[in-house]
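Trainee: Residue strings, one per chain:
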Amino acid sequence: QKEVEQNSGPLSVPEGAIASLNCTYSDRGSQSFFWYRQYSGKSPELIMFIYSNGDKEDGRFTAQLNKASQYVSLLIRDSQPSDSATYLCAVEMDSNYQLIWGAGTKLIIKP
Amino acid sequence: NAGVTQTPKFQVLKTGQSMTLQCAQDMNHNSMYWYRQDPGMGLRLIYYSASEGTTDKGEVPNGYNVSRLNKREFSLRLESAAPSQTSVYFCASSEGSQNNEQFFGPGTRLTVL
Chain A
299 QKEVEQNSGP
309 LSVPEGAIAS
319 LNCTYSDRGS
329 QSFFWYRQYS
339 GKSPELIMFI
349 YSNGDKEDGR
359 FTAQLNKASQ
369 YVSLLIRDSQ
379 PSDSATYLCA
389 VEMDSNYQLI
399 WGAGTKLIIK
409 P
Chain B
2 NAGVTQTPKF
12 QVLKTGQSMT
22 LQCAQDMNHN
32 SMYWYRQDPG
42 MGLRLIYYSA
52 SEGTTDKGEV
62 PNGYNVSRLN
72 KREFSLRLES
82 AAPSQTSVYF
92 CASSEGSQNN
102 EQFFGPGTRL
112 TVL
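Protein chains in written order, with the numbering used here: chain A, 299 to 409; chain B, 2 to 114.
Keep in mind that the hints were calculated from the coordinates and are not lab data.
C-beta atoms are modelled at their ideal positions from N, C-alpha and C, and glycine is treated no differently.
Don't take every hint at face value.
Unchecked claim - Derived SDA-like pairs (lysine to any residue); straight-line CA-CA distance at most 20 angstroms:
| hint | chain 1 | residue 1 | chain 2 | residue 2 |
| --- | --- | --- | --- | --- |
| 1 | A | K354 | B | N100 |
| 2 | A | K300 | B | G4 |
| 3 | A | K404 | B | P62 |
| 4 | A | K340 | A | I407 |
| 5 | A | K365 | B | K72 |
| 6 | A | K340 | B | P9 |
| 7 | B | K58 | A | E301 |
| 8 | A | K300 | A | I407 |
| 9 | A | K300 | B | M42 |
| 10 | A | K300 | B | K72 |
| 11 | B | K72 | A | N394 |
| 12 | A | K340 | B | G4 |
| 13 | B | K58 | B | L70 |
| 14 | A | K404 | A | G339 |
Unchecked claim - Listed next, with one range per pair, are the computed distances between beta-carbon atoms:
| hint | chain 1 | residue 1 | chain 2 | residue 2 | range |
| --- | --- | --- | --- | --- | --- |
| 15 | A | N351 | B | N2 | 32 to 42 angstroms |
| 16 | A | K300 | B | E74 | 45 to 55 angstroms |
| 17 | A | N320 | B | S81 | 37 to 47 angstroms |
Isolated chain A (complex conformation) (with noise of 0.2 angstroms):
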């Protein structure tokens, strides 16, 4: 069973500080990775995206990628009120294309 880990949370960061939030993998063969942000009552958006160890940058948003230790994490730095959601982490499986997905991590900014 392939599967996809996260803590749960909540994770609360005061405004202004930088989030991290992590993810790991069972299946050693899984090639790309991907964040979704999911608003309360909302469906999910995608952050972004990453399939080559190391880190990939998009704003204030960092993803990074350590394919030996499989796991994946997401750095948010200068966290907005507006950051507070919930952060799916997916994992595409290389046979089909189909995701599988952590349980989200619910991350709440305080002011």
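Got chain A; can you put chain B on it based on the hints?
Mentor: This is chain B only, laid out in the frame that chain A set:
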């Protein structure tokens, strides 16, 4: 360009009733998906359609059927609803190749009494 649309937004059923959830996308995507989301369990794939004319079971297909009516539309049917099917249902679509973003509809909140 509406993206992915779903109907209805809310539904309450009695045990044993049937219903069909409708989904349509206008992005010319090849692949479409039905998920359910329960508290603390993340998104679980019910069925997917990799391309028009094909459908396959996902992680939790029991109690559901699907129809890929054409490239745009993918419906999910509950033949005899059970309380365990109370959930939020999301439809999604993607181009269907590697590194493709899945775009989600607004969801259907279903309660089975």
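Trainee: For each hint given before, does the structure comply? Return the numbers of the non-compliant ones in rising order.
Mentor: As far as the earlier hints go, 2, 3, 5, 8, 10 and 16 are violated by this structure, in ascending order.
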